[in-house]
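Visitor: Taking the hints into account, I'd like the entire structure generated from these sequences.
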Amino acid sequence: MIAIIGLVVGVVIGLVVKPDVPLGLEPYLPIAVVAALDAVFGALRAFLDGLFDDKVFVVSFISNVFIAALIVFLGDKLGVGAQLSTGVIVVLGIRIFANVAAIRRHIFHA
Amino acid sequence: MAEQQLPERVTMGLLPYINAHALDEDYAAAAEQRERTATGQRRKVGVRGAAVLAIFAVLAVVAGLQTSRNSSSAERERRELISQVKSQRAAVTEQRRTIEALQGLNRRLEDQLFANSGSSNGLLEQVALLGLRSGIAPAKGPGVLIVADDAPDAESDRNRVLDSDLQKLVNGLWQAGAEAISINGERLTALSAIRHAGTAITVNFTSLGRPYRISAIGNPDQLPARFAETTSGQAWLDLQREVGLRYSLKTQSSLRLPGADVPQLRYIEDENGKNKFGRDEE
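Residue numbers (our numbering), protein chains in the order written: chain Y, 1 to 110; chain R, 111 to 392.
Hints are computed from structural coordinates only; laboratory data are not their basis.
Glycine included, C-beta positions come from ideal geometry on N, C-alpha and C.
Each hint should be verified, as a subset may be incorrect.
Said to hold, decoys possible - A few chain R residues facing chain Y, derived, Cβ under 10 Å:
1. Y137
2. L163
3. V172
Guide: Put into structure tokens, the structure is as follows:
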């Protein structure tokens, strides 16, 4: 319940405040969102598996976002930003799919 | 066996490994630890988890807003540019029209100026006549249209129209009494040259393509006959017969010839040593 409240509050804050993203951080925002999505789906799966842990979720979320942004930042500095972003998206995408498949098995038992 | 001692991330491919370990192993580790400390209870989402979810929502919404804002601003810039291009183009068209109008006005005023002052009346006529004779002014009148072309399936220069053939043709026409001649729309003046440049014939330094259409203004009743009597006319009849050049002559009741570009006269002077055309000698 509190999770859904948190989500809704976040959406409302985002819509109301409409914070301006600093130009320097703009390229890292989408990849950070994908990394966060991975952490969120992992948490949902862990919750359904009965393994959920608040602290692990917080740490995995923050480290995911930070590392994804860092990889893209490094890639930009090395001139392979686009390729590294693709790599990050592929890996995160596979994880998201695997986790969503597990969630699906939990919900539909199939 | 050695194989079994290897860790999974070595034996598995990268993608299957990622697939198999999609869930952070920390969750399992934390759960194990909980069991060991015997709290044993399934944990619920706490305040920290909710806060992180809220941060996630903010991030996602901001990213979405930013993307849509960027795309709309790019679209706006594009429209802005298009409208600028359109307005500038309209301005150019407008200015061009103004130029045309002013040029027309200029010409009218010039004519009026000359016409009003009685003394220059003759001068105006003289200018017009000189323009016609020298080929600078456009001319119209009756005459003949000659179309000359290479022989069908010409293989060598022998059965192609050469610059010397055209020169002969034009000289014959002058001799026969033509008053103005143009080849493919290039008016011939006293300074025009008919030359081969590479494979093409150039007149007034403009390359011509075959067929060559020679328009000559003159008496349409006399011009063809008198041309046939000249040596050039004879030569062309020979060319037609011997090497198969194509040639046809038709009289026309009305021909329009364009004017030639005004050449810059540099050395010609009148009797008093002045260049009439206003270009100061250094």
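Visitor: Among all the numbered hints in the text so far, which are the ones the structure does not match?
Guide: The structure breaks none of the hints.
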